[in-house]
Amino acid sequence: MSQIAFLGAIEVGLLFALVALGVYLSFRVLQFPDLTVDGSFPLGAAVCASMIVAGADPYLASLVAALAGAGAGMVTAWLNVRLKILHLLASILTMIALYSINLRIMGRPNVALLGEKTVFTPLEALNMPSYVALPIALAILVLGVKLSLDWFLNSEVGLAMRATGVNPRMARAQGIHTDRYILGGMALSNALVAFAGALFAQSQGAADVTLGVGVIVVGLAAVIGGEALINTRAVWRATFACIIGSIVYRLAVAGALNADLLGLQAQDLNLITAVLVTLAMVLPGVRIPFRKKGSTS
Amino acid sequence: MNTMRLGIAALAAAVSLNVSGLAWAADKHVAVTQIVEHPALDAVRKGVKDVLAEAGLTEGNGLKWSFESAQGNAATAAQIAKKFAGDAPDVIVAIATPSAQTVVATTSTIPVVFSAVTDPVGAKLVADAMHPGANVTGVTDMTPIAAHMALVKRIVPNATRLGVISNPGEANSVSLVSLIEVEAPKLGMSVVVAAATKSGDVLAAARSLVGKVDAIYIPTDNTVVSAFEAVVKVGNEASIPVLAGDTDSVKRGAVAAAGFDYYDVGRQTGKMVMKILDGANPGDMPVEGVAKSDLFVNLSAAKAQGVTLSGDLIAEAKEVIQ
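Residue numbers (the working numbering), protein chains in the order written: chain A, 179 to 475; chain B, 0 to 321.
A portion of the hints provided could be inaccurate.
[Said to hold, decoys possible] With a Cα cut of at most 20 Å, we get these calculated SDA-like pairs of lysine to any residue: (1) B/63 to A/443; (2) B/45 to A/446; (3) B/197 to A/277; (4) A/295 to B/107; (5) B/27 to B/71.
[What the hints assert, rightly or not] In silico negatives: residues of chain A with every beta carbon more than 10 Å from chain B: (6) 179; (7) 182; (8) 205; (9) 398; (10) 413; (11) 428; (12) 447; (13) 458; (14) 459.
Hints were generated in silico from the structure; no laboratory data involved.
Glycine residues also receive a C-beta, built at the ideal position from the N, C-alpha and C atoms.
Start from the sequences and build out the full structure, keeping to the hints where you can.
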């Protein structure tokens with residue numbers, strides 16, 4: 179694997195770590211299986227790209243993209259808590275609606291950002307190639323998001339949100355307005371996902387209406403894969419696991435792309451990725467009994 | 000035991016280094032990235048490879064050929080672009096718009112030849128189709144809509160209302176439909192667009208056109224073409240002639256199409272790749288439109304859909320399906 183391919187995997191992994199953190203909030207903290215992300219990821223890309231092309235400041239465009247994502251999350255939560263639609267169906271409804279909305283926002287299926295000023299443009303002034311600068315900048319950003327999220331989930335509001343997810347009836351008995359926390363949590367979750375979509379569009383040169391395909395699968399793979407790799411008893415470990423899980427997933431894809439030596443072909447990519455992710459999850463567990471045996475003898 | 004393993008590993012490493020060292024020294028490296036496996040896009044890739052083979056470049060004999068498909072996933076396409084940027088091939092061939100955009104975002108030095116991209120200027124792959132300037136050029140698959148509208152009028156002379164079915168989510172279709180809306184009125188036809196966002200919606204979209212149109216034209220829309228039989232069924236039932244933007248659809252029951260073959264688009268792309276391998280600068284090579292066009296007609300479809308094809312039209316056709 180070349181250095182560019184390796185750092186590229188880290189870069190995409192860090193971008194999708196934001197998605198994984200969002201998915202962690204909905205699936206794990208709120209226990210809300212949320213498929214909205216397949217729509218809110220391209221929503222962030224669409225809002226951000228359309229604004230940048232219209233001449234807006236890229237930082238403002240990324241912020242508005244996150245807000246749009248928050249709106250999408252709140253719609254899903256509202257369908258669930260107010261209209262009493264099953265959470266899974268509520269999120270599917272928002273997701274399919276967003277496909278049309280994204281087309282409306284962009285006015286066409288693909289908005290190109292190549293050559294436009296983006297949040298990553300200032301990195302070009304640094305005295306290093308962009309394939310090095312981008313992962314470093316993203317690592318700092320993702321770490322910042324992770325630490326803020328850790329702080330938030332241990333604050334009074336965050337604790338109430340966690341209680342809402344763990345045992346809503348008990349939470350209500352303690353005077354927590356669970357509906358409000360579901361609305362807020364889903365907004366935060368999808369804001370993160372849409373923000374990731376905005377950054378992805380800016381780093382890859384275009385927003386496309388098909389960007390959302392499989393985002394939820396990748397996000398879940400990162401969350402669950404990370405949990406298999408790292409003990410997630412504390413919140414700060416769980417959020418760290420999301421980031422590691424996302425990067426490991428991307429390294430598996432990069433590894434699969436470089437597996438042509440074994441006679442494997444392009445169409446085998448997804449299969450190899452699945453095998454590599456499985457190995458990454460299983461191998462650390464295999465070593466533990468081996469070590470124990472060594473220590474007793 | 001351990002030393003033996005180490006020895007084998009070292010040997011394997013030495014062999015692989017040696018082989019790859021030899022291969023990289025002389026071979027031309029062409030790397031192809033494709034957004035998804037799809038018959039038309041695969042035909043483009045085959046066209047490129049065949050042209051290279053005719054020029055004496057085959058795998059293991061002067062050519063290192065890398066091919067990756069993103070299997071429809073944008074993030075994977077991004078990683079393929081980064082892998083290729085790291086491998087630094089002589090030319091990157093990027094098939095379809097999303098793959099091309101992510102490659103162009105990733106490298107500004109390696110020559111890039113895109114193919115099967117409808118609107119390279121709109122997709123910001125090149126600033127100017129005649130003078131690309133940078134490291135990027137390629138072949139567009141923009142359909143010659145004006146010629147197609149003339150064909151519709153030639154086959155259905157009294158058509159005043161033209162039905163078009165497309166997926167508003169496909170970038171290429173959107174630009175084709177807006178071209179149709181410009182070109183069809185020039186020939187005295189108003190346009191009725193029916194949307195199908197997935198293949199399963201095509202039948203309903205076609206049925207919605209019955210009674211509202213005199214002919215149906217299906218542009219090169221992936222969603223609609225994949226369910227082309229549904230359109231033919233409606234055309235046969237309601238005696239509405241169905242024309243297509245691609246010749247493959249004639250075999251599936253369209254009356255006629257003046258289309259190009261994606262294999263020929265690939266061959267054209269391959270010729271551009273060869274020029275670059277021979278030292279040409281992509282920035283000096285204008286973006287090319289589809290050069291070759293063939294007329295296909297289907298006589299049984301014409302009968303079923305209530306039109307008669309003139310003798311000279313049949314004589315012009317490259318292929319007549321009975």
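Structure-based check of each hint:
A distance of roughly 14 Å separates the Cα atoms of residue 63 of chain B and residue 443 of chain A; the hinted pair therefore holds under the 20 Å criterion. Under the criterion of a C-alpha separation no larger than 20 Å, the hint pairing residue 45 of chain B with residue 446 of chain A is consistent with the structure, at around 19 Å. As the CA atoms of residue 197 of chain B and residue 277 of chain A are separated by approximately 12 Å, the hinted pair is consistent with the 20 Å bound. Between residue 295 of chain A and residue 107 of chain B, the direct Cα distance comes to roughly 16 Å. Compliance with the 20 Å bound is thereby established for this hinted pair.
In summary, the hint linking residue 27 of chain B to residue 71 of chain B is not supported, as the alpha carbons are separated by about 28 Å, beyond the 20 Å threshold. Non-interface status of residue 179 of chain A relative to chain B is broken: a Cβ of that chain comes within 10 Å, the nearest being about 8 Å off. Non-interface call for residue 182 of chain A relative to chain B: violated, since the shortest CB-CB distance, roughly 3 Å, does not exceed 10 Å. The claim that residue 205 of chain A is not at the interface with chain B holds, since no C-beta of that chain comes within 10 Å of its own (minimum 19 Å).
The beta carbon of residue 398 of chain A is kept farther than 10 Å from every beta carbon of chain B, the shortest such distance being approximately 14 Å. The Cβ of residue 413 of chain A lies farther than 10 Å from every Cβ of chain B, with a closest approach of about 27 Å, so its non-interface assignment holds. At roughly 7 Å, the least C-beta separation between residue 428 of chain A and chain B is not larger than 10 Å, which violates its mark as non-interface. Under the 10 Å C-beta cut-off, the non-interface status given to residue 447 of chain A relative to chain B is violated; the minimum distance is some 6 Å.
Distance check for residue 458 of chain A against chain B: the nearest CB is about 16 Å away, which clears 10 Å, and the non-interface claim stands. For residue 459 of chain A, the condition that its CB be more than 10 Å from all CB atoms of chain B holds, with the nearest at approximately 20 Å.
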